[in-house]
Amino acid sequence: MTIAVQPVSASPAKAERIITPAGIEVWHSRSDLVPLVSMSFVFEGGAAQDPHDRPGIAQMLSRLLDEGAGPYDSDAFQEKLADKAIELSFTASQDSLSGGLKTLLRHLDDAAELTRIAVAEPRFDADSIERVRGQIIAGIRYQMNDPGVMATKRYFAEGFGGHIYGLPNSGTQESVAAITRDDLTTMHGRLIARDRLKVAVVGALGEADVTRLVDGIFGGLPAKADLTPVPRVTLSGLGTRHVVDLDVPQSVIRFGLNGVARSDPDFTAAFVLNHILGGGAFTSRLFQEVREKRGLAYSVGTSLASYRACAMTWGFTATKNERVVEALEVIASEMARLKADGPDADELLKAKAYLTGSYALGFDSSTKIAQQLVQIAFEGLGIDYISRRNALVAAISAEDIARAAERTLGDGRMLVVVAGRPEGL
Amino acid sequence: MPDSIPTTAGRTATAENVSDGVGPDIASFTLENGLDVVVVPDHRVPVVTHMIWYRNGSADDPIRHSGIAHFLEHLMFKGTEKHPAGEFSKVVSALGGQENAFTSYDYTAYYQRVAREHLETMMEFESDRMANLSLDPAVVAPERDVVLEERRMRVETDPGAQLSEAMAAALYVHHPYGIPIIGWMHEIETLDREHALTYYKRFYTPENAILVVAGDVEPDDVRVLAERTYGKIAPHGERPKRVRPFEPEPRAMRRVAVADPRVEQPLMQRMYLTPSALTGTGRDSVALEVLAELIGGGPTSYLYRKLVLERGIAVNAGSWYMSSSVDDTRFAVYAVPTAEVSLEQLEEVVDFAIANIAAEALDDKSIERAKTRLIAETVYAADSQSSLARIYGSALAIGETIASIQQWPSEVDAVTREDLVSVAERYLIPRRSVTGQLRKAG
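Top to bottom, those sequences are chains A and B.
The opening residue of the first sequence carries number 723 in this note's numbering; numbering runs sequentially from there.
The opening residue of the second sequence carries number 23 in this note's numbering; numbering runs sequentially from there.
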């Protein structure tokens, strides 16, 4: 059969760029299929803005934005949302605080006002703060002996020790217990502003309505955010292995090394390479060698992580304690083999065919389109990225792959963390 | 079923076409060999979701072979006479498609999402493995190891999941819904190629399958392609009968506990044996759906307000109900205590709250809010062709009809306060329940 690498074709989503009177950049995609509106928005700055001695503030802030705002206490605010089935949520990651709104078209005005006050006028009532504090701590406690969570936490601690990225986004039980109302209002004042905000709106709305919607919600925010620069950092501990002792029959393994940033010209090549090594399809090298051939694991994969201050290639698997050493050997050897020999020509062609052909699958619902648009905006890739992206992938050559392998697979020394009771380690 | 941190995600979404006219026109027909076909148009992007659903799940696993439905699902990727192991996946990938499969209690499903022009290729491969699976013995053992690792990942390392398993086993004293979908560890270890092929020959027939195609397609084109591919499979005769033992009328309140040194955050769960969308009479099932949303569907729900906001004895509380089930199903309640409160104290308040549903929980506003949320979900679901495909597929696979799916929003609307009182009083009672505790050992 013919393998077709999709060239620049009809863009999977058409988006228009609007700059509102309040100076906010919105990417808008009109869709009249269903009478709903989906909005995604992201503020620059997240957990990496926490003070070193008190991680967890940004995340706790994100969890309090829908816990009372303007004239409504937490319960009244939630009731206003629920009465009209309006879905509003917030989350914080290392580098951002983001939100999502989904509403039936007929409740758009109410949804907009509720979003406006959640973002601009959160109440931070004492009982809400205590309740959310208790929920966060319960969540931390619940996961305390989950090998996946423990492996990831230790990986970041070892890899970025001394840097804010080394601390958990959710904080620790101790740090969350110490967060004050002032911490929250200060973080709110620093992050929530217009100049580092990106918005995407998808739905049955025209340009004028979108402009009005966005300025109505965000137009009253302060003009400028107050962000602390996050120092650049590279992953430490390459070539080392760490064990988190947990009495479980199956160990979780996290492994990684330095990578390339999203904005790097080699990112697309690294992305294609990662797909071949351990990306999502059943055809990746690691899936074949670790799972299919040897039955070592149910789940194995690699991905590229691009944070504002660093980038890495990292991966995950889980296997019974007796086979951890074998799993690590197979993974290391597959990475070395891919770097030394590169993919064969057919493998590269097929990887590009998959990545270009499947691109449109990420755009088949309003919420997915909104999230994709805001992510592209957040990474500064430009509104035409959607229509350029497949050509970028299609153009990747064997030389590009070799260069990406040099930069992202390195000399094979990785930071390895195993949570469990691995035998022979 | 609930995740390891209990959320509201346990409810099966039966939300479908809306009463105000939004949503696609569904087409359906049956091929001569008995294959049912459903077409759900969505012309937003030139993509199709192609799904095949078999009317069998883990509840149809034979005695001593728990996990065989799920194991077969894994083995379906391991090759036919015409296409060796992995070839289907390679083709899907090369065509830019995404694929997966899943096994539930009552059905097993396989799907791909591809650009619309590749639909026929998907049908060719999928119909081929419906009829011509041929398992090289060499691939079976490693795949069994994969399933064992999957079980270790999902259950053996997670005390919360172990509690859920124990609760299902106690809730169902006779019915195989009490057995985990993935199977018990000691039985998975004994599953082999012959077990899988026997099960495959019994259940993987055109009469026992439903083809759902959602996306940028026309029903007539789907019919032509289906006949050209699936239509070539000879009928087996009758659809295989699923024979499950029924649950006896419950008499005893049950309790289970998992105590593990790894538990740092205790929690409690409660499950009640209740009728499902298929076994319920009158409006019982849809009333239970509204009730689950009302008492525990989110932060404005009765249990959250009472336990978390008013009494301050829980950090979270909620409920869910699994309506989409061939036989009697489960209605669950969960609560996570604050640090100072014991599970026993928490349970006392939960019991009191449930006993007082009729007196305290069913004001008009709360009823209205629960209905609003359930009906709005049907509009939200119409935004995603994959969601629609799943909704139709899972409902039809258990025996519901397209009409029942499309009427669901108006049935929700028709639920009365009396209906809610009635189901609460008849079903949320101790003898129909199992209570589970997750606590720290030592």
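One or more of the hints may lead you astray.
[Stated by the list, open to error] Which residues of chain A face chain B? A few of them, derived with a C-beta cut under 8 Å, are: (1) Q800; (2) N867; (3) P869; (4) T908; (5) Y1020.
Treat the hints as calculated values from the structure; they're not laboratory data.
None of the values given here were measured: they were computed from a predicted structure.
Don't be surprised by glycine CBs; every beta carbon is placed ideally from N, CA and C.
Hint check:
A distance limit of 8 Å between C-beta atoms decides the matter here; for A/Q800 the minimum to chain B is near 5 Å, and the interface restraint holds. Taking 8 Å as the C-beta contact cut-off toward chain B, the hint placing A/N867 at the interface holds, the least distance being around 4 Å. Because the beta carbon of A/P869 sits about 6 Å from the nearest beta carbon in chain B, less than 8 Å, this interface hint is met. Of the supplied interface hints, the one on A/T908 is violated, with its beta-carbon coming no nearer than about 25 Å to a beta-carbon of chain B, more than 8 Å.
With a cut of 8 Å, the hint placing A/Y1020 at the interface with chain B holds, because the nearest CB-to-CB distance is about 4 Å.
Checked against the numbered hints given earlier, the structure breaks only hint 4 and satisfies all the rest.
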